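Participant: Here are the chains, one letter per residue:
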Amino acid sequence: MDVRAQMSMVFHLDKCIGCHTCSIACKNIWTDRKGTEYMWWNNVETKPGTGYPTAWEDQEKYHGGWVVEDGNLHLRSTSKTQTVFNIFHNPHQPSMDDYYEPWTYDYQHLFNAPEGPDQPTAVPISMVTGDLIQIKAGPNWDDDMGGSPVYAENDPNLAQLNPEQRAQMFAVQRLMFFYLPRICNHCLNPACVASCPSGALHKRGEDGIVLVDQKRCRGWRACIAACPYKKMYYNWQTGKSEKCILCYPRLETGQAPACFHSCVGRIRYLGVVLYDADRIREVAGLPQDELIEAQRSLILNPNDPAVIAAARQNGVHDSVVESAQKSPTYRFVKDWKIALPLHAEYRTLPMLFYVPPMAPVMAQKTGTTVDNISEDLFHDIDDARAPIEYMASMFGAGNAGKVRYALRKQKAVRWYRRAVTVGDVDMATAERMLREADCSPAEAEAIYKLTSLCTFDDRFVIPPMHREQAVEMLEDPLAHKQGVGFGFMESPRRGL
Amino acid sequence: MSNLSAYFYALFFVALPYVSLVVFFLMTIVRYRTGAFTYSSLSSQFLENRQHFWALMPFHYGILTVLGMHIAAFLIPREVEWWARIPLRLWVMEAGMLAAGLLTLAGLTAAMLRRHTNHKIALVTSPGDWVVLTLLLLQVLSGIGIAMMYPWGSSWFAIAVTPYLWSVAKLNPNMAVVAAMPALIQFHIVNAFLIIGFFPFSRLVHILVAPNPYLWRRPQVVRWYRRPAAAKG
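Residue numbers (my numbering), protein chains in the order written: chain A, 1 to 496; chain B, 1 to 233.
Hints were generated in silico from the structure; no laboratory data involved.
Check each hint, because a few of them may be wrong.
DEER-style ranges, computed between Cβ atoms [claimed, not checked]:
(1) Lys170/B x His466/A: 54 to 64 Å
(2) Val14/B x Val84/A: 30 to 40 Å
(3) His116/B x Leu132/A: 53 to 63 Å
(4) Ala169/B x Glu69/A: 46 to 56 Å
Below, a sample of chain A positions facing chain B; criterion: calculated Cβ distance under 10 Å [stated by the list, open to error]:
(5) Arg4
(6) Leu75
(7) Glu101
(8) Thr104
(9) Glu206
(10) Gln214
(11) Arg216
(12) Trp220
(13) Gln237
(14) His466
Taking lysine-lysine and the BS3-like style, the derived pairs with C-alpha atoms no more than 25 Å apart in a straight line are [unchecked claim]:
(15) Lys136/A x Lys120/B
(16) Lys34/A x Lys120/B
(17) Lys334/A x Lys15/A
(18) Lys326/A x Lys449/A
(19) Lys337/A x Lys411/A
(20) Lys411/A x Lys215/A
The structure presented is a predicted model; accordingly, all values stated were derived computationally and were not measured.
No residue lacks a Cβ here, since even glycine has one placed at the ideal position from N, Cα and C.
Can you build the whole structure from these sequences, using the hints too?
Facilitator: Next comes the structure, spelled out in structure tokens:
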């Protein structure tokens with residue numbers, strides 16, 4: 001057992017209102033620079049929809065992630081031999097057109113325009129070239145376009161549905177959408193790291209955050225094709241790859257990452273989990289329908305004395321183990337099993353988990369009005385507007401049972417709380433529902449509390465990062481005695 | 001040989017090689033130590049994907065073939081000569097090298113056109129890039145010219161140029177052989193040393209960081225700051 005610590009995350013999709021505050025917080029801190037204008041380390045997509053970059057889930061097009069062939073786990077986009085031959089031109093690299101060309105507006109023209117018969121306008125200009133451009137797409141062009149034939153109907157997840165289900169899903173009375181916020185998953189088996197020819201991409205041993213060593217990155221671009229979530233970005237100005245750093249400078253000072261901190265809907269949870277690194281290869285290569293359960297089993301119980309002993313032997317600090325014992329993500333993923341990884345079939349073992357959203361109830365068109373079919377607000381899950389197979393394509397690696405379990409438990413918690421607070425639901429019925437959903441009243445209370453009444457400290461349990469120890473490896477603290485306060489930073493100057 | 005031309009020969013075939021080589025070794029190391037961040041392929045594929053293929057693939061495969069043969073003729077001239085002792089083989093080698101040279105020229109021209117015509121690519125093109133591209137174009141053109149005007153280079157390179165290069169490498173430069181060569185070949189040699197001298201100040205440094213360790217490393221990379229000796233691998 002090789003016990004390591006890993007920062008893990010849970011996004012509660014039932015609470016996401018799609019306000020994009022997270023995206024803006026991230027953009028303002030990290031990607032408001034030349035060459036990064038098009039990057040959204042955090043983005044929020046509407047599902048069903050094509051997302052950003054366009055149709056990123058279509059791995060026939062983008063070739064991301066891992067595949068198992070004849071028992072061998074290998075990257076879909078490249079191999080050691082292919083890297084040699086593809087180093088001059090990566091055949092699977094998306095170009096800026098797959099994302100969008102960033103633009104701003106020529107505001108100066110409003111002031112400088114010569115006198116004329118019309119009001120001057122601020123025309124859109126490219127942030128890359130400065131030329132006038134016709135805007136064709138942006139990072140959120142499918143925002144709220146739940147029933148759109150351009151966006152929603154081209155959602156790659158619809159491939160899992162039969163034609164009848166697809167037709168039903170796009171019937172007017174069934175139209176629905178929900179939001180999917182995405183950041184880097186800081187995977188246990190990251191495809192980007194495995195593909196990096198330079199060895200610049202790495203996982204931090206102490207917390208599992210995946211980073212690009214900017215001084216080692218040579219711009220070979222293999223990571224961009226390899227990441228199935230398309231969360232590796234190429235900075236066209238510096239000639240280096242960049243990615244979400246989980247705001248590690250904030251984490252190291254005890255603050256939540258900017259997107260977590262700013263989340264208006266309080267949908268985000270962050271905590272450390274302990275996992276068994278010895279089993280990564282084995283789990284990543286399992287048959288698809290076993291992936292969700294196996295990935296869960298990788299995460300170890302931080303209260304188990306054997307795990308604690310193994311963690312200590314492996315250099316995991318006691319304070320980190322303590323933090324893991326309080327981790328909200330552990331409760332969602334392991335205790336309650338209502339948070340699921342996104343597209344586990346990519347086999348990167350993502351460490352960002354999603355609580356699947358309750359889809360709206362069925363509706364029916366009578367005359368000119370659309371009414372809810374069911375009087376029952378807590379409708380049956382299989383009657384939801386989004387077919388369970390659609391959700392399973394995203395959160396269950398095709399395994400509908402895992403998604404149904406998570407949704408049923410959420411639904412039972414609602415019934416139970418309704419019985420407690422409003423009282424118009426019979427408590428006996430509520431308790432029967434809890435039993436059917438594999439949930440005790442105590443667990444229902446805990447889920448309710450961590451979902452609805454969660455404070456800042458409940459949501460973000462940040463372990464001490466012990467940078468004071470780490471930095472001693474790199475710098476002699478005494479060397480800086482009496483000299484603290486001035487340092488020299490290199491600007492990220494583009495190579496010659 | 002008049003005094004003046006002797007002076008120029010000494011300048012081009014003795015002084016220039018040494019200046020170039022010293023600059024090359026010194027400055028690549030200095031640049032790596034002080035500005036490792038600037039070591040990058042500076043790929044522009046993200047901004048333009050289609051022309052990139054038709055320019056960069058022929059160019060790189062062409063120039064690697066040609067460069068590889070030049071290095072082989074420098075390091076193992078006898079073996080190259082021995083291999084090419086049969087006329088058919090010599091002919092195949094000669095035609096192959098010329099084809100590789102033409103491939104390089106096609107790719108290089110396409111790359112220059114791409115950098116010139118595409119606005120986005122022009123934005124990430126520095127004056128240094130144009131210097132490199134121009135030097136390379138001159139080198140490839142003169143190389144193809146030599147292959148056509150003075151054929152069987154795979155045979156005479158080993159006798160004529162290799163001794164000169166080795167004399168430079170052994171710090172005992174003997175320019176007698178090169179002084180007797182046609183002007184086009186002399187130009188090719190001088191331009192080669194110009195490229196070597198300009199190398200550390202250009203994007204060419206990406207050649208030095210070609211990712212060979214990737215081929216035998218494990219897929220996942222983990223970096224630890226501190227790990228007890230008892231901890232596993």
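Participant: None of the hints should be skipped; say for each whether it holds.
Facilitator: Status of the hints after comparison with the structure:
Distance hint check: the CB atoms of Lys170/B and His466/A are about 55 Å apart, consistent with the given range 54 to 64 Å. Checking the proposed 30 to 40 Å range against Val14/B and Val84/A shows it holds: the Cβ atoms sit about 38 Å from each other. Distance hint for His116/B and Leu132/A: a CB-CB separation of about 21 Å, inconsistent with the stated range 53 to 63 Å. As the Cβ distance of Ala169/B to Glu69/A is approximately 49 Å, the hint placing it in 46 to 56 Å holds.
Because the smallest distance between the Cβ of Arg4/A and any Cβ of chain B comes to about 8 Å, under 10 Å, the interface hint for this residue holds. Because the beta carbon of Leu75/A sits about 8 Å from the nearest beta carbon in chain B, less than 10 Å, this interface hint is met. With a cut of 10 Å, the hint placing Glu101/A at the interface with chain B holds, because the nearest CB-to-CB distance is about 9 Å. Hint status for Thr104/A relative to chain B: violated, with the closest Cβ pair at about 16 Å, above 10 Å.
Interface hint at Glu206/A: satisfied, since its Cβ lies 6 Å from the closest Cβ of chain B, which is below the 10 Å cut-off. The beta carbon of Gln214/A comes within 6 Å of a beta carbon in chain B, closer than 10 Å, and the hint placing it at the interface holds. Because the smallest distance between the Cβ of Arg216/A and any Cβ of chain B comes to about 8 Å, under 10 Å, the interface hint for this residue holds. With its C-beta approaching chain B no nearer than about 6 Å, Trp220/A sits inside the 10 Å limit, and its interface hint holds.
With a cut of 10 Å, the hint placing Gln237/A at the interface with chain B holds, because the nearest CB-to-CB distance is about 7 Å. At its closest, the beta carbon of His466/A sits 8 Å from a beta carbon of chain B; the interface hint therefore holds under the 10 Å criterion. Of the supplied pair hints, the one linking Lys136/A and Lys120/B holds, its CA atoms being roughly 17 Å apart against a limit of 25 Å. Pair hint Lys34/A plus Lys120/B holds up; C-alpha atoms about 13 Å apart against a cutoff of 25 Å.
This hinted pair checks out: Lys334/A and Lys15/A have alpha carbons roughly 20 Å apart, not beyond 25 Å. This hinted pair checks out: Lys326/A and Lys449/A have alpha carbons roughly 15 Å apart, not beyond 25 Å. Distance restraint check for Lys337/A and Lys411/A: the Cα-Cα separation of roughly 14 Å lies within the 25 Å cut-off, and the hinted pair is therefore satisfied. The hinted pair formed by Lys411/A and Lys215/A fails the criterion: a straight-line CA distance of about 50 Å is larger than 25 Å.
Figure legend: structure checked against the earlier numbered hints; hints not met, in rising order: 3, 8 and 20.
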